[in-house]
Amino acid sequence: IQVTQSPSSLSASVGDRVTITCQASQDITNYLNWYQQKHGTAPRLLIYDASNLETGVPSRFSGSGTGTYFTFTISSLQPEDVATYYCQHYDNVPLTFGGGTKVDLK
Amino acid sequence: QVQLVESGGGVVQPGRSLRLSCAASGFTFSSFGMHWVRQAPGKGLEWVAVISYDGSYRSYADSVKGRFTISRDDSKNTLFLQMNSLGAEDTAVYYCAKDYGAGWRYLDAWGQGTLVTVSS
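Protein chains in written order, with the working numbering: chain V, 1 to 106; chain W, 1001 to 1120.
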């Protein structure tokens, strides 16, 4: 199963709404997770099972979708959200990650 | 709190072997699936392998199948990755990660990574 993420990069202003999409090559129900990776650090889980917020993650982050189409949203971009974001499916093995979306400030 | 500490990375010549370790603490290691994920310089994340909580199931990415072996020692709370026949394409930071459950679902804790450089 392949997961295609878009866009590959984006620039936005503080306070902007940011949306990233992830499309799976076949139906994966809600078996889709989202991670944040800041420069030089390990990834961090943000969203699991497509729409569930991991404990301690700010509520400005959200996820939705089912089947083959998923979205990840930052409702109001903050400076500390500059990072690369990845989707990852777990419908079966091998697991795969999307190619990543680099988010920076305009 | 959950802590994962990788070790064993370094510079290795093409065709040689290397074994990575990941020391786990802060949770019941024997109850959870464990993963290796790698990231080549300037590239995205690539899932490498998973081992189930009891070691009975292992799966690998096609890119490493037949060359890499994932294993675990629950008595030492340690995860391993044996890497053989290394090539330049294996140069990456290797992360170990804990799964939420017994097999594979989502990776809810990550180590800081260990760099493997394959070069002559």
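One thing to keep in mind: the hints can contain errors.
Claimed, not checked - Taking lysine-lysine pairs in the DSSO-like style, the calculated list, with each CA pair at most 27 Å apart, reads:
hint	chain 1	residue 1	chain 2	residue 2
1	V	K38	V	K102
2	W	K1076	V	K106
3	W	K1076	V	K102
Said to hold, decoys possible - Over the 12 Å line for every Cβ pair with chain W, so calculated as not near, a few chain V residues:
hint	residue
4	R17
5	N33
6	W34
7	G40
8	S64
9	T73
10	D81
11	T96
Hints listed in this document are in silico derivations from the structure and should not be mistaken for laboratory results.
All C-beta atoms, glycine included, are put in the ideal place defined by N, C-alpha and C.
Hint by hint, here is what the structure shows:
1. Under the criterion of a C-alpha separation no larger than 27 Å, the hint pairing V/K38 with V/K102 is consistent with the structure, at around 10 Å.
2. Between W/K1076 and V/K106 the CA atoms are separated by roughly 48 Å; this puts the pair beyond 27 Å, and the hint is violated.
3. For the proposed pair W/K1076 and V/K102, the alpha carbon gap of about 38 Å is over 27 Å, so the pair is violated.
4. Residue-level check passed: V/R17 sits 24 Å from the nearest beta carbon of chain W, beyond 12 Å.
5. Distance check on V/N33: its Cβ comes as close as 4 Å (rounded) to a Cβ of chain W, failing to clear the 12 Å threshold; non-interface status is violated.
6. Against chain W, the non-interface label of V/W34 is violated: not every CB pair exceeds 12 Å, the least being about 9 Å.
7. Look at V/G40: its CB is around 10 Å from the nearest CB on chain W, not clear of 12 Å, so calling it non-interface is violated.
8. No Cβ of chain W comes within 12 Å of the Cβ of V/S64; the nearest lies about 16 Å off, and the non-interface call holds.
9. Interface exclusion of V/T73 from chain W stands, the closest Cβ pair being 19 Å apart, more than 12 Å.
10. Every CB of chain W is more than 12 Å from the CB of V/D81 (nearest about 18 Å), matching its label as outside the interface.
11. Interface exclusion of V/T96 from chain W breaks down, the closest Cβ pair being 6 Å apart, not more than 12 Å.
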